[in-house]
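For the record, the sequence lines run as chains V and L.
full-length UniProt numbering numbers the first residue of the first sequence as 1 and each following residue consecutively.
full-length UniProt numbering numbers the first residue of the second sequence as 1 and each following residue consecutively.
One should not assume that every hint holds.
Quick list of in silico lysine-lysine cross-link-like pairs, DSSO-like style, CA-CA up to 30 Å [claimed, not checked]: (1) K99(L) x K300(V); (2) K87(L) x K383(V); (3) K303(V) x K226(V).
The hints are simulated quantities; they were obtained by calculation from the structure and are not laboratory data.
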Amino acid sequence: MLRTILICILSIGIIGVGYWGYQEHKEKTAVLLQAENNYQRAFHDLTYDMSLLNDKMGSTLAMSSRDQLSPALTEVWRVTSEAHSNVGQLPLTLVPFNKTEEFLSNVSDFSYRVGVRDLDKKPLTDEEYGRLEELYKQSTDIQQDLRQVQNLVLKDNLRWMDVEMALATNDSQADNTIIDGLKTVEKRAGEYSETDFGPTNASSEEGNKNFSKLKGKEIDENEAKKVARSFLELDKNAKIDVTKNGNGANYKFYSLRIQEPGKEQETNMDITKKGGYPIWAIRHVDVDKQNISLNKAMNKAMKFLKDQRFESLVASDSAQYDNVGVFTFVEERQGVRIYPDAVKIKVSLGDGSIVGFSAADFLAAHHDREIPKPALTADEAKKKINENVLIQEERLAIIQNDLGEEVLCYEFLGTINKDTYRIFINAENGNEEEVKKMDNTEPIYNGV
Amino acid sequence: MIRFRKVRNILFVLFICQWVFIPTYSDKNVAKAFSNQVIQHGAVGNDVIELQSRLQYVGFYTGPIDGVFGWRTYWASRNFQYEFGMKVDGLVGPEMKRKLVAATKYHEGYVKEQIRKGRDFSHYGNVPLDQQTKKGSSGSKGGGQAGGGSTKGGTSKGSPNNAGQKGSSGANGNQSSPGGNQGTQQSATKTGNSNKPQAANVPDGYSQNDINLMANAVYGEARGEPYIGQVAVAAVIINRTESPSFPDTPAGVIFEPGAFTAVADGQIWLTPNATAKNAVLDALNGMDPTGNAEYYFNPDTATSAWIWSRPQIKKIGKHIFCR
Numbered sequence: 001m002l003r004t005i006l007i008c009i010l011s012i013g014i015i016g017v018g019y020w021g022y023q024e025h026k027e028k029t030a031v032l033l034q035a036e037n038n039y040q041r042a043f044h045d046l047t048y049d050m051s052l053l054n055d056k057m058g059s060t061l062a063m064s065s066r067d068q069l070s071p072a073l074t075e076v077w078r079v080t081s082e083a084h085s086n087v088g089q090l091p092l093t094l095v096p097f098n099k100t101e102e103f104l105s106n107v108s109d110f111s112y113r114v115g116v117r118d119l120d121k122k123p124l125t126d127e128e129y130g131r132l133e134e135l136y137k138q139s140t141d142i143q144q145d146l147r148q149v150q151n152l153v154l155k156d157n158l159r160w161m162d163v164e165m166a167l168a169t170n171d172s173q174a175d176n177t178i179i180d181g182l183k184t185v186e187k188r189a190g191e192y193s194e195t196d197f198g199p200t201n202a203s204s205e206e207g208n209k210n211f212s213k214l215k216g217k218e219i220d221e222n223e224a225k226k227v228a229r230s231f232l233e234l235d236k237n238a239k240i241d242v243t244k245n246g247n248g249a250n251y252k253f254y255s256l257r258i259q260e261p262g263k264e265q266e267t268n269m270d271i272t273k274k275g276g277y278p279i280w281a282i283r284h285v286d287v288d289k290q291n292i293s294l295n296k297a298m299n300k301a302m303k304f305l306k307d308q309r310f311e312s313l314v315a316s317d318s319a320q321y322d323n324v325g326v327f328t329f330v331e332e333r334q335g336v337r338i339y340p341d342a343v344k345i346k347v348s349l350g351d352g353s354i355v356g357f358s359a360a361d362f363l364a365a366h367h368d369r370e371i372p373k374p375a376l377t378a379d380e381a382k383k384k385i386n387e388n389v390l391i392q393e394e395r396l397a398i399i400q401n402d403l404g405e406e407v408l409c410y411e412f413l414g415t416i417n418k419d420t421y422r423i424f425i426n427a428e429n430g431n432e433e434e435v436k437k438m439d440n441t442e443p444i445y446n447g448v
Numbered sequence: 001m002i003r004f005r006k007v008r009n010i011l012f013v014l015f016i017c018q019w020v021f022i023p024t025y026s027d028k029n030v031a032k033a034f035s036n037q038v039i040q041h042g043a044v045g046n047d048v049i050e051l052q053s054r055l056q057y058v059g060f061y062t063g064p065i066d067g068v069f070g071w072r073t074y075w076a077s078r079n080f081q082y083e084f085g086m087k088v089d090g091l092v093g094p095e096m097k098r099k100l101v102a103a104t105k106y107h108e109g110y111v112k113e114q115i116r117k118g119r120d121f122s123h124y125g126n127v128p129l130d131q132q133t134k135k136g137s138s139g140s141k142g143g144g145q146a147g148g149g150s151t152k153g154g155t156s157k158g159s160p161n162n163a164g165q166k167g168s169s170g171a172n173g174n175q176s177s178p179g180g181n182q183g184t185q186q187s188a189t190k191t192g193n194s195n196k197p198q199a200a201n202v203p204d205g206y207s208q209n210d211i212n213l214m215a216n217a218v219y220g221e222a223r224g225e226p227y228i229g230q231v232a233v234a235a236v237i238i239n240r241t242e243s244p245s246f247p248d249t250p251a252g253v254i255f256e257p258g259a260f261t262a263v264a265d266g267q268i269w270l271t272p273n274a275t276a277k278n279a280v281l282d283a284l285n286g287m288d289p290t291g292n293a294e295y296y297f298n299p300d301t302a303t304s305a306w307i308w309s310r311p312q313i314k315k316i317g318k319h320i321f322c323r
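Chain V extracted, bound-state conformation (with noise of 0.2 Å):
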């Protein structure tokens, strides 16, 4: 009778459990098949989005009305920040895709910079011909390659959970159709890839981060050393480690750890070798409670930097967060304020200390200007702001606009109702080389 009861119990139990692994198991798969959906729809959209980028490149080269060419290309471009978008939801991070990637970012930038062009005025150059048919030829290329994959994963109905798991475990003995595909794809992208694109194309590059305009000479640990205790204002018994930097950074540079007596956190820092520049410092500290005002603290940093040689920068944003504030200085020559130099500080609003500094920005940018006359009067700029701006400042300043160049703009700050906008006009020929709404505080949300 007992035994009987026994038996019952452990069935109804072994058929419980039994029923609840198989509810896992049908759970699991559910949710593994629905991360392989967004795989495969991602996957299947970037070859749809190739093969159209593909069409429509083909289809600009033949084009000769102007009317019809800036929307083709305005197309292209659209359709490459959809495919862009597409590979960042692969599992693709472990394989080298980058150089497919580039050239989307290639083909971007070459459709927009054209497209929106006025080419009525400025029509296609030779050469920007020549570069178009070159994208077409490799976007062709790419296209039946991808084409190639597809079809395979379509025919052996392979998986991308798959190749995942095969990424993670480095198991070579996998099925990498789809890693082998994907790698001649990436190998024919970068066959081309030592094609110039030309100067239309600085942006995607490495930009100018390498800090080649720099002037100096070049100096060793001991320097570097000297360069931080002055710039810190360090303590004689504070410990400095000297780092070179590795062989892949873009410039040579010396990394700093410094500990300080008393102090719990290290400081870091980097010095550019060429020169011994100061690029960035930080110094963690904890700000509690806020003594000093933002206005204070901005004149410590003001100060700071007249300290420090940098004597013509002017204070360009400031912001409070926490206990700190965070600020924007550029450079100012002859009334006219250069935003590509510029140099970042943090100052505690405990005691006014300087807690972090960068100057990557005005190092890469800075160097010596000729700064042109305006061939426009203010007067003349102000004509081509909307007229529903309300102007309230005004001065001269040199940006970078959309092709990477510096130009002379007149820089006017104005209010549309509630909305403050910066708005810069370039003060040779008039053009709006950057109109900007400025928002820089956010209401908090909290709990909702």
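Using the hints, position chain L against chain V.
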């Protein structure tokens, strides 16, 4: 236009009345008004709340009283400076404070209570206070009930604009700046539960939610690292958004499949601490300890041989950063 001018005249009579008839009251106010600091663009706190309330009292400021010195407060201050014959620089110093205190009232208790209760409210001088609060969240800059105040604000804000320009040539020396305040503020007043400001400064182009998301990623990836290592991880995320080979948004970069282990194993959903958030803010404000790195890995746990082939820039904490 003529009507506007009339309203403006009335406004000035109002100012004068306050000077003439209630000097004792404003004297009493001085004692508890403003701290000594010079208030400037970007500042946050009680002084800013008072400044906004007082500017609103006389119709110069029509935005929400949220305790952050943004662009609207900046223009209101400059217009006030112009109307009262001061140097127009947008810096709220002793002279301006004195004139403000003399010309306006500040119902501190009322303002603080509204902020504490998270109400949508205004502080116009010519409307009874009990008509200036709204319980709903659909308010619009004290519109409706405080209509009188708004119109007035409109004129006195509108007319001195050319003035603003005139003054600025001499005055914009070290003030003015990117950053600012507008847009979404109508919903600024939800349920704040203290006297804290109702809004916050955010780095250009990012929202507080972006910052929180990135703080999550940084905390999940590098909570055991020194502060500098956390800034570095945040900087890599930002470098990736700027790189052509990666998605263009922080969320796109963070959730790119396989990009971050913390995302893959769910550690990203741990609650980040203040350090991680500060690190993200530093990185967003332009600190890049990595020298433009786009990858990093922990040499002790890295499984992929490929990652070792990347050109290495430097090592911070346990992570090697590469291009």
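Hints, one by one, checked against the model:
1. K99(L) x K300(V): 27 Å, holds
2. K87(L) x K383(V): 27 Å, holds
3. K303(V) x K226(V): 21 Å, holds
Going through the hint list in order, the structure satisfies each hint without exception.
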